[in-house]
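Student: Residue numbers (my numbering), protein chains in the order written: chain F, 1 to 154; chain C, 1 to 165.
Don't read these hints as lab results, they were simulated from the structure.
Heads up, a few of these hints could be off.
Ranges between beta-carbon positions, derived for each pair [said to hold, decoys possible]: (1) I82(F) / T126(C): 47 to 53 Å; (2) Q97(C) / D102(F): 24 to 30 Å; (3) L27(F) / V131(C): 15 to 21 Å.
Quick caveat, the model's predicted, so the values are computed rather than measured.
Here a beta-carbon is modelled for each residue, glycine too, at the ideal position from N, C-alpha and C.
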Amino acid sequence: MQLPRLELSFVDGSSSVAVVRFTIKTLATVSEIEGAATGMVAALSALTDAVFFQQEIIYTAVPEVGEIGALGSDKFRTGVFIFDCVEPDTVALVEVPAIKDDLLVTSGPGTGVLIDVAHADVLAFVDVLITNGATNPFAVAIDILSAAYRQSRV
Amino acid sequence: MALVNVPTAKLVFTYVDGTGSRGSTIIHVPYATLAAAAITAADAIAAAMVALSDAVIIGYTLSYAKFENAPGTPDPASRVEEKGFFSWRTANARTTQFTIPAIKDSLLTPSGKIDQTDVLVAALVTVVTDVGSIFAGADGSDITGLLRAYQRFNRSTRQQLPGDR
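Bound-form chain F, shown alone:
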């Protein structure tokens, strides 16, 4: 895990945007960084004719060694997972690049396109999303998997 970053965005009179980036010296909590950001925004705003409008706190994890995907794997062969969320008429979408061919159904009209939702790895994936509180972008929790298929995303 790398040190977190705080990014503060400013907009000028021509609507151009610039970002000021800071490294945070420890794996501080979001609330600790937000507290420090308040003072920093005030100090920066006094020095600039642009206007502050957005802050983002970013934690980044990287592997210790470089890796590359399996030979022949193709990020455009995307696994599309559509979930029903816990509130009526709300859905969530999760895409997994380079979906494995052995997850696709091998018989019936969806052969080679539909993802086998009974596959153990798919069940584990769905379970880990729900268990860990994954939501759609509006913070409505994922409930059940409603559709899964392979799609070419070029």
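Here the structure of chain F is known, so what remains is to put chain C in place on it, guided by the hints.
Tutor: Below, chain C alone, put in the same frame as chain F:
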């Protein structure tokens, strides 16, 4: 005028396939999720997703964003390409930098140096360097003082050029 958070924190997992091309998966968790909990979740989700993909996950970011719901109006003549460049000393005898866009002209000396005796600059130095400050150089070293500060201009990008030129 207040900072409001978006509904969710965002996890973006980056993959690389056999050709070296990169793809991504975006997962949302509620904004109130503590970073430590979200990181634990991310590790579990990554492990489950790797089993579904022929590509490998080469990292992820977890981001929490807030927006000003009623931002002020910038000075019409302000331009982000006009930077205030601030270089800082760090505790391990290195330096770290950041730039402030659209630096106020009133802070500049005739040579383009930023007046380090100005009370506004002094306030910035306090925020960056005070004991308890959490800001650091890229390697995590404490920032101990302002080394130099001056006006600098960045080249305008195509997007920053006037739309009606």
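Student: Return holds or violated for the Cβ distance of L27(F) and V131(C) against the range 15 to 21 Å.
Tutor: Given range 15 to 21 Å: holds, Cβ gap about 19 Å.
Student: Holds or violated: 24 to 30 Å for the Cβ distance of Q97(C) and D102(F)?
Tutor: violated, 50 Å
Student: If you check the beta carbons of I82(F) and T126(C), does the distance land in 47 to 53 Å?
Tutor: Given about 51 Å between the Cβ atoms, the range holds.
This entry does not satisfy hint 2, going by the numbered hints stated previously; all others are met.
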